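Based on the sequences and whatever the hints tell you, model everything.
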Amino acid sequence: MTVLRELQNWIATKRPDLRRRKETIESQQSEWATTPSPGAPVLAAFDENLYEKAKHDPDVYAAIVNLTKATESGEVDPKTLTQLEKHADDSPFALALLTTLGATAYRKTLGETVSNKQLKKLGTPLGKLLSTASPNLPPTWHNALTADIWANRNEVRGLTQALRNGTFPHAFVMSAVKNLDMWARNRSTPDHEIVDDILTIIAKNPTRAQDYFINDPTALKYWVTTDHAEETQAQFAKILELATTTFRDQSGTPQNPSRGYWSAKFTSEFIHLEGQRIEKERFPVVPPATTALILANYISDVDRTATGRRSLESVGVYGKNDSGIPGHDNWGAYFDRRDLMSVMREAFKNDKSFTTVIAAQTAFSDLLLDHGAKKLKETGKNDFLQANGNTIGASFGMIASAAGLTKIEQGKELDESQKRKVKLVSALVNSCLAIPQTAAWPVGAGIVAAWTGIVEDALEGDFETKARKDANTTADQIWVLTQDLTAKSMLKHGLFKGSEHPWASLQDMKKSDDPRLSPYNFLHRDGKTLMNMDEMVDKNAGNFTDMYRRLDAFDRWLNDGSAGGDWIDVRTLLRQGFSDSFDRFD
Numbered sequence: 001m002t003v004l005r006e007l008q009n010w011i012a013t014k015r016p017d018l019r020r021r022k023e024t025i026e027s028q029q030s031e032w033a034t035t036p037s038p039g040a041p042v043l044a045a046f047d048e049n050l051y052e053k054a055k056h057d058p059d060v061y062a063a064i065v066n067l068t069k070a071t072e073s074g075e076v077d078p079k080t081l082t083q084l085e086k087h088a089d090d091s092p093f094a095l096a097l098l099t100t101l102g103a104t105a106y107r108k109t110l111g112e113t114v115s116n117k118q119l120k121k122l123g124t125p126l127g128k129l130l131s132t133a134s135p136n137l138p139p140t141w142h143n144a145l146t147a148d149i150w151a152n153r154n155e156v157r158g159l160t161q162a163l164r165n166g167t168f169p170h171a172f173v174m175s176a177v178k179n180l181d182m183w184a185r186n187r188s189t190p191d192h193e194i195v196d197d198i199l200t201i202i203a204k205n206p207t208r209a210q211d212y213f214i215n216d217p218t219a220l221k222y223w224v225t226t227d228h229a230e231e232t233q234a235q236f237a238k239i240l241e242l243a244t245t246t247f248r249d250q251s252g253t254p255q256n257p258s259r260g261y262w263s264a265k266f267t268s269e270f271i272h273l274e275g276q277r278i279e280k281e282r283f284p285v286v287p288p289a290t291t292a293l294i295l296a297n298y299i300s301d302v303d304r305t306a307t308g309r310r311s312l313e314s315v316g317v318y319g320k321n322d323s324g325i326p327g328h329d330n331w332g333a334y335f336d337r338r339d340l341m342s343v344m345r346e347a348f349k350n351d352k353s354f355t356t357v358i359a360a361q362t363a364f365s366d367l368l369l370d371h372g373a374k375k376l377k378e379t380g381k382n383d384f385l386q387a388n389g390n391t392i393g394a395s396f397g398m399i400a401s402a403a404g405l406t407k408i409e410q411g412k413e414l415d416e417s418q419k420r421k422v423k424l425v426s427a428l429v430n431s432c433l434a435i436p437q438t439a440a441w442p443v444g445a446g447i448v449a450a451w452t453g454i455v456e457d458a459l460e461g462d463f464e465t466k467a468r469k470d471a472n473t474t475a476d477q478i479w480v481l482t483q484d485l486t487a488k489s490m491l492k493h494g495l496f497k498g499s500e501h502p503w504a505s506l507q508d509m510k511k512s513d514d515p516r517l518s519p520y521n522f523l524h525r526d527g528k529t530l531m532n533m534d535e536m537v538d539k540n541a542g543n544f545t546d547m548y549r550r551l552d553a554f555d556r557w558l559n560d561g562s563a564g565g566d567w568i569d570v571r572t573l574l575r576q577g578f579s580d581s582f583d584r585f586d
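Heads up: the sequence shown begins at 1 in the numbering used here, then just goes up one per residue.
The hints are simulated quantities; they were obtained by calculation from the structure and are not laboratory data. If you're wondering where the values come from, they're calculated on a predicted model, not measured in any experiment. One thing to keep in mind: the hints can contain errors.
[Stated by the list, open to error] The list that follows gives simulated cross-link-like pairs (lysine-lysine, BS3-like), each with its CA atoms no further than 27 Å apart:
{"id": "1", "residue 1": "Lys86", "residue 2": "Lys55"}
{"id": "2", "residue 1": "Lys69", "residue 2": "Lys55"}
{"id": "3", "residue 1": "Lys53", "residue 2": "Lys108"}
{"id": "4", "residue 1": "Lys539", "residue 2": "Lys528"}
[Unchecked claim] Computed beta-carbon distance windows for the label pairs:
{"id": "5", "residue 1": "Gly561", "residue 2": "Lys510", "range": "41 to 49 Å"}
{"id": "6", "residue 1": "Arg345", "residue 2": "Ser512", "range": "57 to 65 Å"}
{"id": "7", "residue 1": "Thr572", "residue 2": "Gln276", "range": "56 to 64 Å"}
{"id": "8", "residue 1": "Thr226", "residue 2": "Asp249", "range": "25 to 33 Å"}
{"id": "9", "residue 1": "Gly102", "residue 2": "Arg345", "range": "53 to 61 Å"}
{"id": "10", "residue 1": "Ala450", "residue 2": "Lys108", "range": "46 to 54 Å"}
{"id": "11", "residue 1": "Pro92", "residue 2": "Gly446", "range": "36 to 44 Å"}
{"id": "12", "residue 1": "Phe283", "residue 2": "Gly102", "range": "40 to 48 Å"}
Beta carbons: idealized from backbone N, C-alpha and C, even for Gly.
Quick look at the structure:
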């Protein structure tokens with residue numbers, strides 16, 4: 001009787017476990033697999049070891065058994081696929097499955113989905129399961145995922161595809177990218193599919209892009225100095241743009257750098273590496289449009305380089321605030337002038353890139369002149385206007401020189417590139433008053449693109465704007481632009497009063513007349529905002545005189561003394577500083 005009671009107790013104790021085993025077998029054979037055909041073996045050997053590792057979870061056990069069958073047979077059961085898709089967003093299941101399966105076995109299973117067309121459909125749910133489980137997977141699992149990947153290309157591709165298409169914690173994905181990138185770089189022949197995946201993974205957000213370069217100090221030099229397919233170049237350019245232009249600040253210190261510090265450092269390093277590449281006569285990897293966008297974002301540092309006395313280092317970060325710029329300066333990129341000139345010469349062979357940089361310089365000049373006009377109103381001194389005029393002259397001079405527009409012999413025929421760029425400068429002069437001033441600096445890619453579009457629209461307009469007085473050379477054209485922007489800023493800050501105000505100079509005006517209705521009026525209704533050139537030119541006029549009468553009235557006001565003695569003094573000092581600085585590059 002005692003033995004019988006012990007047997008009954010044992011059965012009672014084991015009943016839940018036996019029931020669980022029964023459920024596991026049923027789950028494996030009915031829910032996770034198609035019912036076997038008549039005559040086929042119904043029961044398979046029960047894997048006690050796997051059952052224990054799966055912590056008696058019937059779905060985890062069934063998933064691993066049927067995944068193993070699929071990789072061994074080369075065919076996936078439809079029910080297995082359906083169940084994996086069903087559980088793909090189930091965090092406890094995903095974590096249990098991947099920890100039970102193990103990182104190496106998981107990676108090998110992914111590899112099978114690359115090499116076998118029948119198993120390819122497993123790739124998506126397996127990738128989703130990794131994404132779902134990744135926040136809770138232990139570091140040992142992370143490390144094992146990319147360990148020993150060197151011999152099997154399909155395993156690497158399966159993993160890069162999974163990481164490319166899913167959402168993962170930052171540390172998890174960057175840990176994987178480090179080894180995957182090393183695998184790709186060590187190939188004697190580039191594997192474009194895997195490189196494409198890796199770059200797409202990195203380009204998912206700017207933090208990934210920047211940490212890619214932070215974690216591997218050799219990465220930027222590798223990409224800039226190694227030949228790559230055109231498609232790969234475009235992908236890398238996107239990563240470089242994100243890493244250099246997204247984060248701009250002056251937080252932290254060189255010892256404890258912020259993301260804004262890293263942005264400036266990578267920009268400085270990029271321009272120096274490009275200068276070295278050009279010196280060695282190697283073809284560019286980064287498209288000129290990306291280079292121009294980065295320079296536009298760092299246009300204040302381009303200005304600093306133009307006015308600097310000499311180059312002391314090749315790479316560095318500026319942290320000193322510039323009193324000539326309103327607000328607080330961000331970390332700035334140091335440029336060696338020789339490197340910068342080489343980079344701009346190459347980039348400016350592309351007209352759009354030239355337009356991007358010179359439009360950004362125009363917008364930044366507007367900001368500098370506005371700050372100078374504000375200081376003039378506050379202090380009665382034009383020191384800031386004069387200093388900023390020097391900066392503007394040097395910066396435009398350096399940009400024009402890099403574009404081949406300064407040292408042109410008189411009477412010599414311009415080549416086609418010079419002709420196009422001269423037209424672009426003219427379009428810039430005609431559109432500068434239409435470029436909106438931005439309160440924040442630096443600016444994003446969208447604003448830079450908008451500026452570029454304004455200049456291009458002016459170039460492609462259906463009318464020819466009359467050339468401004470004495471604007472026969474690039475220097476003259478840009479001086480006219482500077483003069484117009486200065487007048488715009490001084491008007492904005494109310495520095496023209498009484499008889500010096502434009503409305504006092506309008507032709508055929510009587511005291512009772514409303515100057516806003518005058519056909520010669522070149523201000524908006526507020527009396528302190530200049531019309532842009534498109535607004536000043538009446539394209540519907542029937543004759544030349546009427547078409548340009550607003551523009552002529554603006555020129556007369558600027559040049560015949562109507563604007564007053566203060567304007568003449570400011571313009572004289574500004575012109576001298578501008579010309580001296582511009583001529584350094586002529």
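(request) Provide an ascending list of the numbers of those earlier hints which the structure does not satisfy. (result) 5 and 7
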